[in-house]
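Undergrad: Use the sequences and the hints to build the structure in full.
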Amino acid sequence: MSTTSLHVHPYEKRWIIFSIVLLIVFTTAVAIAAFALGIQVPSPEQRVDPRTVAVDPNSPWSNPGLREIAPGRYEAYILAQTWQFQPREIRVPVGSRVTFYVTSKDVQHTFKIQDTNINMQIVPGQVSKLTVTFKKPGTYPFICSEYCGIGHAGMFGQIIVTP
Amino acid sequence: MTAQTYSLSPKEKSFVSWHLLVAMVALALGTLFGPLQAFQHAGLNLYPFLQPLIKSYYQGLTLHAVLNALVWTTFFITGFLTFNVIYGLKRPLRYPTLNQVGFCLMIIGLVMAAIPILLNKASVLYTFYPPMKAHWAYYVGLTLVVVGSWVEGYGFYFTYAAWRKENPGERTPFIAFASVLTMVLWQIATLGVAVEMLTMLIPWSLGLIETVDPQLARTYFWFTGHPLVYFWLLPAYISWYAMLPKQVGGKMFSYSLARLAFWLFLLLSVPLGFHHQYVDPGVPPGWKFVHAVLTFSVFFPSLLTAFTVSASLEYGARKNGGTGLFRWVLALPWRDPSVAAQLLAGLLFFFGGIGGLANAAYNVNLELHNTTFVPGHFHLTVATGVTLSFMGVSYWLVPYLTGKKLWKPDLARWQAWLWFIGMIIFSNAMHVLGILGAPRRTALGDAPYVPAEWNSRLLQVGIGGGILFIGAILYFAVMIGTAFSKVKVEKEVEVPVAEALQPVSQTPAWLDRWAPWVYAALALIVIAYGPQLYEQIRNISLTSPGFRVW
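In the order they appear, the protein sequences are chains L and A.
Taking the numbering used here, the leading residue of the first sequence gets 1, the next gets one more, and so forth.
Taking the numbering used here, the leading residue of the second sequence gets 164, the next gets one more, and so forth.
Treat the hints as calculated values from the structure; they're not laboratory data.
For clarity, every value in this text was computed on a predicted model and none was experimentally measured.
Just so you know, even glycine gets a beta-carbon here, dropped at the ideal spot from N, CA and C.
Among the hints, erroneous ones may be present.
[Unchecked claim] Just some of the chain L residues that point at chain A, by a computed CB distance under 7 Å: (1) Ile17; (2) Arg47; (3) Gln114.
[To be verified] Stretch-level coverage of chain A by chain L, calculated; a stretch enters the list once three of its residues show a Cβ under 8 Å from a Cβ in chain L: (4) 237-250; (5) 289-295; (6) 377-385; (7) 435-444; (8) 664-673.
TA: Below, the structure written as structure tokens:
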């Protein structure tokens with residue numbers, strides 16, 4: 001019966017097909033980036049207690065900083081708190097592969113290293129982890145980009161990649 | 164033509180007007196702080212002059228966000244939807260007292276939330292991420308605003324049920340259908356933030372519990388946070404689909420596809436909140452990817468909308484003598500401020516949608532999360548696509564409700580263009596800054612790490628903000644001028660409701676049946692959110708005490 005069928009104008013039909021193809025292309029592109037090119041987003045790593053994470057001697061964040069685990073490979077434990085990162089400065093030679101483990105002892109922050117793919121929400125109780133290889137020498141500021149209180153705009157640090 | 168005989172009673176008109184009045188007062192106050200933030204970015208910090216009234220940039224930002232994004236929208240929308248339900252169904256509310264109770268709850272909530280914000284006891288922005296802890300009245304107040312809007316929604320449902328009983332077998336008139344659907348979407352969507360408030364933030368702020376789980380709170384929040392966007396957007400779509408075509412002398416291109424688009428929004432707009440949490444540590448990447456795909460899929464009904472609305476406008480323009488592939492655009496009635504505002508809003512919304520796709524891309528988001536790209540984006544969508552459209556709607560709706568002629572339509576037209584131009588400058592600069600890495604929600608004028616290459620863009624943020632502010636002043640001038648004008652309309656303003664090219668009776672019945680769509684929407688939520696909610700609640704770690712950091 002004509003009254004129960006959906007009437008679609010021919011132009012609109014073409015537009016619908018175009019739209020669906022467009023969205024499939026986008027989804028495929030994202031899938032390729034995520035699964036073939038290996039672009040990583042943070043995933044559940046570890047839970048910590050934000051009340052003790054900065055003082056418990058067994059916690060790496062009681063002594064935040066850079067550890068070399070193999071030649072050219074580093075782990076950086078960074079503690080975010082109002083309104084600073086500890087440590088504020090990290091130096092690594094060019095070509096270093098650094099895995100960042102960041103957590104907060106108070107409110108939420110964001111850890112974003114400029115000109116890299118490192119951008120992580122820092123949620124108290126959780127550890128945010130991502131890895132990056134610094135291929136070019138230079139200074140890479142890392143900044144807090146989640147509102148974390150009155151001193152938020154001053155919360156930053158830097159990674160100096162030496163030649 | 165017999166369709167235009169229905170009219171709202173004076174009481175109903177006044178009830179809707181109260182919604183708009185509160186909305187506009189909120190917008191007026193909230194908008195005051197917009198240029199202050201923009202100027203701060205450009206190096207001109209006016210906040211010290213507001214002492215001791217307003218303590219900081221972030222208190223101003225909280226006011227701007229809560230009043231504009233939450234209060235202006237929610238009050239305007241409940242008012243507009245109330246109008247649509249009554250006018251669309253051509254029958255009074257079934258239980259007007261119920262709706263009045265809802266409205267009163269919203270007002271009480273608004274006052275409760277406003278006091279701590281004004282006293283600088285709730286400078287936590289409108290996302291209120293714990294463990295930043297605001298005064299309890301802030302959380303209770305916001306909750307009451309939402310509960311009040313639910314109660315008004317129940318009033319819509321009773322009214323709609325009564326209409327169905329009175330009109331068996333008839334298709335629901337579009338504006339009423341779409342308005343009830345918007346309310347259903349809102350009531351499903353706000354479940355997330357309701358749980359966050361009731362199980363965590365309210366007892367915590369009252370001192371009944373010591374600690375909360377910030378990660379779980381984020382998941383609850385974004386369950387609501389994204390469909391909230393569609394709650395803002397769908398009322399603008401109602402106007403674009405069903406009213407704007409009439410205002411340009413055309414018809415609705417397709418009644419059925421308009422309904423289909425709304426159903427798809429109901430179906431798809433909730434189960435995709437993880438795309439706001441791509442860089443959260445506590446959500447597995449697999450689920451983030453699933454929500455990315457669902458986010459792209461909800462773009463589909465917006466693409467349908469782009470076609471149907473453009474086709475409806477083109478139909479009207481060609482009837483008015485428009486020709487050419489694109490030249491017909493000039494034949495649209497641009498001199499009508501209501502039309503101009505909505506056309507310009509739609510145009511910028513188109514670009515906002517494209518930016519939204521960038522945000523939604525699981526990987527590109529690593530570049531954009533929490534940068535100024537995001538506020539750049541939502542100033543094109545909610546602050547233009549939605550807000551400028553609502554302003555356009557008010558250019559006919561306020562004269563309809565008050566019986567006063569629109570005061571100085573020329574100014575109203577200027578308002579639309581200034582908003583458009585100011586927003587292009589402001590938003591473009593924000594997008595570019597975001598790509599360069601500038602953080603959002605940051606008093607960038609004080610930030611020590613701002614490189615010189617950002618400066619020219621930061622200046623553009625200030626210039627755009629200034630132009631927007633002039634646009635806002637014109638809007639309030641026109642509204643106040645209209646309210647206090649002595650010039651009455653000659654006859655009641657005609658409500659622009661477009662007829663469809665196809666007769667309404669040819670709408671397939673499955674596009675007017677609620678149960679399957681609502682159940683499907685709920686099922687999709689259970690599939691896309693259920694496992695993670697279960698995981699996160701099972702592993703809840705209540706380890707965060709509250710902080711006051713402002």
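Undergrad: Could you run down the list of hints and mark each one as holding or not?
TA: Here's how the hints hold up against the structure:
1. Ile17: It is violated, given that the least Cβ distance between Ile17(L) and chain A is near 11 Å, above 7 Å.
2. Arg47: Nearest chain A Cβ about 6 Å off; hint holds.
3. Gln114: Constraint on Gln114(L) satisfied, holds at 4 Å.
4. 237-250: violated (count 0)
5. 289-295: That given contact holds, which follows from 3 residues of the stretch 289-295 of chain A lying within Cβ reach (below 8 Å) of chain L.
6. 377-385: holds (count 3)
7. 435-444: Check passed, 5 qualifying residues.
8. 664-673: holds (count 6)
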